[in-house]
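Student: Below, each chain spelled out in residue letters.
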Amino acid sequence: MSTLEILVVGVIAIVGVGLYGLLITRNLIKVVVALQILVKGALIALVAAGDASGQVGLSQSLAITVIVADTVVGVVGLALAVQTKRLLGTLDVDALSTLKG
Amino acid sequence: MTDWLIVLTIGLPWLGALAVWLTGDDRPDQQHRLAVIFSVLAGLAALLLIPSAGDTVALRIEVGSVFGDFTFVPDGLGVFLAAVATVIGCLAVIFSVDYMHGEKQLGRFYSFVLLFIGAMVGLVLTDSILLLFVFWEITALTSYALISFYNDDPKAVEGGIKALVITSFGGVGMLVGGLIVYAYLGDYQISTLLSRADELPSGVLAALAFGFLIAAAAKSAQVPFHTWLPGAMEAPTPVSALIHAATMVNAGVYVLARFYPAFEGVSGWTTAVTLVGLVSALMAALMALVATDLKRVLAYSTISQLGYMVYAVGVGDIFASQFHLLSHAVFKALLFLSAGAVIHSVGTRDMREMGGLGKKMPFIRNVFVVGALALAGLPVLNGFWSKELILEGGLHDGPIWAYIGMLVGAGITALYTFRMVWLVFYGTPRAKLHVHPAGQMMRLSTGILAAGTATTWLLAGLFGELLENTLPFHHLHVEAGTALLGDVIAAPATYLALGVVALGLLAWQYRDALGGLVTSLRPIGDAAAADFGFEWINRRVVQWATTAGESLRAFQTGSVNWNVAGIVGALIVVLVILALGA
Numbered sequence: 001m002s003t004l005e006i007l008v009v010g011v012i013a014i015v016g017v018g019l020y021g022l023l024i025t026r027n028l029i030k031v032v033v034a035l036q037i038l039v040k041g042a043l044i045a046l047v048a049a050g051d052a053s054g055q056v057g058l059s060q061s062l063a064i065t066v067i068v069a070d071t072v073v074g075v076v077g078l079a080l081a082v083q084t085k086r087l088l089g090t091l092d093v094d095a096l097s098t099l100k101g
Numbered sequence: 102m103t104d105w106l107i108v109l110t111i112g113l114p115w116l117g118a119l120a121v122w123l124t125g126d127d128r129p130d131q132q133h134r135l136a137v138i139f140s141v142l143a144g145l146a147a148l149l150l151i152p153s154a155g156d157t158v159a160l161r162i163e164v165g166s167v168f169g170d171f172t173f174v175p176d177g178l179g180v181f182l183a184a185v186a187t188v189i190g191c192l193a194v195i196f197s198v199d200y201m202h203g204e205k206q207l208g209r210f211y212s213f214v215l216l217f218i219g220a221m222v223g224l225v226l227t228d229s230i231l232l233l234f235v236f237w238e239i240t241a242l243t244s245y246a247l248i249s250f251y252n253d254d255p256k257a258v259e260g261g262i263k264a265l266v267i268t269s270f271g272g273v274g275m276l277v278g279g280l281i282v283y284a285y286l287g288d289y290q291i292s293t294l295l296s297r298a299d300e301l302p303s304g305v306l307a308a309l310a311f312g313f314l315i316a317a318a319a320k321s322a323q324v325p326f327h328t329w330l331p332g333a334m335e336a337p338t339p340v341s342a343l344i345h346a347a348t349m350v351n352a353g354v355y356v357l358a359r360f361y362p363a364f365e366g367v368s369g370w371t372t373a374v375t376l377v378g379l380v381s382a383l384m385a386a387l388m389a390l391v392a393t394d395l396k397r398v399l400a401y402s403t404i405s406q407l408g409y410m411v412y413a414v415g416v417g418d419i420f421a422s423q424f425h426l427l428s429h430a431v432f433k434a435l436l437f438l439s440a441g442a443v444i445h446s447v448g449t450r451d452m453r454e455m456g457g458l459g460k461k462m463p464f465i466r467n468v469f470v471v472g473a474l475a476l477a478g479l480p481v482l483n484g485f486w487s488k489e490l491i492l493e494g495g496l497h498d499g500p501i502w503a504y505i506g507m508l509v510g511a512g513i514t515a516l517y518t519f520r521m522v523w524l525v526f527y528g529t530p531r532a533k534l535h536v537h538p539a540g541q542m543m544r545l546s547t548g549i550l551a552a553g554t555a556t557t558w559l560l561a562g563l564f565g566e567l568l569e570n571t572l573p574f575h576h577l578h579v580e581a582g583t584a585l586l587g588d589v590i591a592a593p594a595t596y597l598a599l600g601v602v603a604l605g606l607l608a609w610q611y612r613d614a615l616g617g618l619v620t621s622l623r624p625i626g627d628a629a630a631a632d633f634g635f636e637w638i639n640r641r642v643v644q645w646a647t648t649a650g651e652s653l654r655a656f657q658t659g660s661v662n663w664n665v666a667g668i669v670g671a672l673i674v675v676l677v678i679l680a681l682g683a
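Top line first, the protein sequences correspond to chains A and B. Numbers 1 to 101, taken from our numbering, label the letters of the first sequence in order. Numbers 102 to 683, taken from our numbering, label the letters of the second sequence in order.
The hints are simulated quantities; they were obtained by calculation from the structure and are not laboratory data. Just so you know, these numbers come straight off a predicted model, no measurement behind them. A few of these clues could be false.
Unchecked claim - DEER-style ranges, computed between Cβ atoms:
| # | chain 1 | residue 1 | chain 2 | residue 2 | range |
| --- | --- | --- | --- | --- | --- |
| 1 | B | Gly-659 | A | Lys-85 | 14 to 22 Å |
| 2 | B | Ile-668 | A | Val-68 | 20 to 28 Å |
| 3 | A | Leu-23 | B | Ala-631 | 53 to 61 Å |
| 4 | A | Arg-26 | B | Ala-655 | 15 to 23 Å |
| 5 | B | Trp-663 | A | Gly-10 | 52 to 60 Å |
| 6 | B | Arg-654 | A | Thr-65 | 44 to 52 Å |
Ideal placement from N, C-alpha and C gives every residue a C-beta, glycine not left out.
Assemble the whole structure, with the sequences as input and the hints as a guide.
Tutor: See below:
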């Protein structure tokens, strides 16, 4: 197996874990964790693609941008989880139906 | 020089829009003055553009490889329509000084009117389909904003939304068309499409041709998209005169004429265009015959006259179509503005309450009658020449059944025109209405338009020459001025049409004696009053879309698990398709 193939398999595995987490969990904190795992898989794919196509600089700069955005998503997500727990007393996403029109 | 004139004709109204907006509504006199100054300057710039008309790109703005160059070509078709848009635009603005006197939010009104004028000029002068689409949508947007100007009136808001939705529906066709052209020819230029249309696969070209026909029918309020124009009559009258008679509604006909060389070879296209024109002309004329709202009669009459222009494109007579567009813009703006003066004076649009107004408003009566005679197609006035040219073209190059239909339409036009004039200005007053005379500015603008109605046909030769010399793809054979008019006089089509027009007048004169015939035609009248059921279909479509949206909403639960399941499902479908394809 070449390095690229190993990377592809790894990426599929990590993204799969993330998606699976998102599919089954209802706990808001676990949703944020699953999302983080998913994005990390995508990041590895991005860097691997940059290496394979010879555009390492481009993929690195994109990866850094994604990391920044991803950090913000994580922080805001967790902050929302904290507020939800405070206001509603639960972390179950199904309970968040107050926005339903 | 020419490039600067183009910049000025588009830029001056837009600059004016900004200036009026910034002046603020607490200084209305200043706003009136600025609007008039900027619109008149734009009109002058557009008139100066006519002598420098040519068929080459006069202004090129490079915007990078993705969008292609934004180019402007001042050819005959473009400069004449730019002149129509700005000159009638400035007359409508002058009229508004009286008409909108004392109204609140003048800044909003004038800004949108001026924004519209600039966009309309851009629309007719640009050579880029992408830019054409942008200007096309700006005209739709300003039309919406102006129809809904009295935004505390639900009818006005509804009319505006209807106009926006239907004309934008056409805009989608135009955008798709532009993208197809880019995909196949690698360029957004109209001239590229016209010169290399035969390189497109025939199916693609046919899709393009019919897509543009739908776009044009929606914009020009042709069947079955005509229902928005009567609703648009909730706009202040100068807006109706400018947008819904003289300029925006003409954009559809303009597009058909502009792209005609590319599409004329598509099988069935010209027949479809002829049919759309014929049906629109006849149906709208019948609806005008039974309508009781003065502005709606004029709106239906506009649909009908646009039908004549579309028909002319269908039979391949581009010159007659565009010449009638010019004539119609002048006399219909006159009719709308003088109707506006009447409505402004008596405070109602219902013709059943009017009558005998001619004695109290002699000036407005006189100019209105001039416009009405042109609409009816009586000799000497501009409407006569251009309509005769269309009918002559139809007799020579079109199917005979369509020609007979258009001839009947000419008779009905004369009939409803005289009904309207009679109900408003003659006979005995039917209700006690307080009448005050029209203002100076109203007289000035309608007076100029009346003079134009009597004289613009003299431009036929110049207009024809310009079109012939500057439209390389259209193969027009236009005779010189006097020969052209002589041709009209000598043509048998003219006498046939005049006979039919006279029949229409006689029918109105002896309407009492025709009682039995009128009763037997009652069902047709009722159907016409009910808009031949198109309004019903319209409402059904809206209802269906709303219900469908409501039911689809159930799928949007907002639940993370379901959303992710959807994404994973879609991903699997894409992967399977890719695997099967590979």
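Student: Mind checking the hinted window 52 to 60 Å against the Cβ distance between Trp-663(B) and Gly-10(A)?
Tutor: violated (28 Å)
Student: Okay, Ile-668(B) versus Val-68(A) on CB: inside 20 to 28 Å?
Tutor: With a Cβ separation near 23 Å, Ile-668(B) and Val-68(A) satisfy 20 to 28 Å, so the hint holds.
Student: For the hint 53 to 61 Å, verify it against the beta carbon of Leu-23(A) and that of Ala-631(B).
Tutor: Cβ of Leu-23(A) to Cβ of Ala-631(B): about 55 Å, so the range 53 to 61 Å holds.
Student: Determine whether the Cβ-Cβ distance between Gly-659(B) and Lys-85(A) falls within the hinted range of 14 to 22 Å.
Tutor: The hint (14 to 22 Å, Cβ to Cβ) holds, given that Gly-659(B) and Lys-85(A) are roughly 19 Å apart.
Student: Range hint 44 to 52 Å: satisfied by the CB atoms of Arg-654(B) and Thr-65(A)?
Tutor: Distance hint for Arg-654(B), Thr-65(A) is violated at roughly 34 Å.
Student: The hint says 15 to 23 Å between Arg-26(A) and Ala-655(B); measuring C-beta to C-beta, is that right?
Tutor: The hinted range 15 to 23 Å holds for Arg-26(A) and Ala-655(B), with Cβ atoms some 20 Å apart.
Checked against the numbered hints given earlier, this structure breaks hints 5 and 6; the rest are met.
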